[in-house]
Amino acid sequence: MSRDYFINGECMVYVKGNSSSSISTLTELGLSMDQVQIKPNFRHKPIKVDNWWECEPEVQVQMQNVMISMTLVHFDPAVLDVVIQESMGGVAAPGVMPRAGTRLGNGLARFAVGGGKANHFIGLNLTSPVASKPWRFYHCYLADSPYNYPIGVERSPVTLNFKAIPYAPDPWNGGSGLAGVVIYDHTLDS
Amino acid sequence: MAFDQQFFRDFVINGECMVYVRGNGALGSSTTGDPQKHELGLTADGVQIYPQLYHDPVHTSQHGDKVQVETRWKLASCEVHMKLVHFNRDVLRACIQESTAAPLNTINDPDSTDIFTDGWVGPAGSFLGGGKQLWESGCHYVSVGVTSPVDNFPWRFPASYLMGPPLLYPIGTESTVAELRWKVIPYQVPYQANQPTTGPFSGQGRVRGELFGVNGYNRNGELLLGSGYLVWDHYTLTDDPEVIGG
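So the sequences go chain by chain: A and B. Using my numbering, read the first sequence as starting at 1 and increasing by one per residue. Using my numbering, read the second sequence as starting at 1 and increasing by one per residue.
What the hints contain is simulated information worked out from the structure, not anything from laboratory work. Model, not experiment: these values are computed from the prediction. Think of the CB as a built atom: it goes at the ideal place given N, C-alpha and C, for glycine as much as any other residue. Heads up, a few of these hints could be off.
To be verified - Here are some chain A residues pointing at chain B (derived, C-beta under 10 Å):
id : residue
1  : Thr-25
2  : Val-36
3  : Lys-39
4  : Pro-40
5  : Asp-50
6  : Glu-54
7  : Arg-103
8  : Leu-178
9  : Gly-180
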């Protein structure tokens, strides 16, 4: 490999949801006004040893989650509504509350539906037409302060904050635990 | 312990703890009556193991009443604390049922289809072991196993029961984290004058109470140790009732 400027290119944001949602196939969400920000959050837990006082002789590490922020300027509001609904646990319409404590994954595989429940995590895809290094976040939801939706006579640039987590239907994962669980890769959903 | 082996210092990282249980009764097969092993579940923050070692001081008047001259060993028990967050509720109910010596069938509610009777408690004074071999029908002790996928140093507690408080089962909109406290004792069946005809030591002659090779005898009646009572070991809780030592 050689050094060069890294230019991703025009980034189209795609989303995909479970088979009972209206985004069950890879669906365009929209184009962002400026760069999409991808921020992984590592968690390093130090192991304390008295000989080393406050220094860390060793750490245990985990990639806790990834925050993906974007400001959409040319987007499909109907698709955004579905994303909001799924992030709320699959409610019937945006603005409707789910039952308190509703789960997003429900112990189901990605995009699965079963037993009257569905996996409401969203697959978030970011294209990379120049660098050919797209991003696919397997299990996302709009999180924390999920969106800022300004309205007025000007066009509305909507700021979205997605969180991607390492979800698995069974946290035991056949004895492997978190090992092998994918938060993101560089292949787009189909 | 033989120190001709090399032991190295390192951070001890157990890895992900899956808690398994094994027993008869509510945990056993309803068709064959055999003991069964079940996944109980995953914990919210690991498993806390509290060995409880009991010693009695021996005093003499020459040494006064403050400083002991000798110490007598008075056996040990163990407590195992855990907070289950991803668990099999029915297996937990069965463990509660066995720990309370509850009846096996819904004899007081014959119209119910619920096969577990947690909440019904056995008669006061019931023995959990009842003179039975571990995992034999009528023995209510539950074996608890904790895995160690990173350190490869599992823990097995052969004769355990749930005690409380706390035995906490919070319910609400948040995910229930069931807080359990197991008591582990060195259970043994009483001395048997004749050959046992059931259990893992059937047909093995006149043996003292044996359980996983305690009292120095293994399942073939061969002498293993000079003496000892088993509270815990580091074998895997297996499915095979005849396999001792994992």
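Each hint, compared with the structure:
Nearest Cβ of chain B to the Cβ of Thr-25 (chain A): about 32 Å, over the 10 Å cut. The hint is violated. With its C-beta approaching chain B no nearer than about 32 Å, Val-36 (chain A) sits outside the 10 Å limit, and its interface hint is violated. The interface hint given for Lys-39 (chain A) is broken, as the beta carbon of that residue sits about 27 Å from the closest beta carbon of chain B, more than 10 Å. Using the Cβ-Cβ criterion of 10 Å, the hint placing Pro-40 (chain A) at the interface with chain B is not satisfied: the shortest such distance is roughly 22 Å.
Violation of the interface hint for Asp-50 (chain A) is found here, the shortest Cβ-Cβ separation to chain B being roughly 14 Å, above the 10 Å cut-off. Because the closest C-beta pair between Glu-54 (chain A) and chain B is about 17 Å apart, greater than 10 Å, the hint is violated. Of the supplied interface hints, the one on Arg-103 (chain A) holds, with its beta-carbon coming within about 8 Å of a beta-carbon of chain B, less than 10 Å. Interface restraint check: Leu-178 (chain A) against chain B, minimum CB-CB distance 8 Å, threshold 10 Å, status holds.
Interface restraint check for Gly-180 (chain A): the shortest CB-CB distance to chain B comes to about 13 Å, outside 10 Å, so the restraint is violated.
Hints 1, 2, 3, 4, 5, 6, 9 from the list above are not met by this structure, while the remaining hints are.
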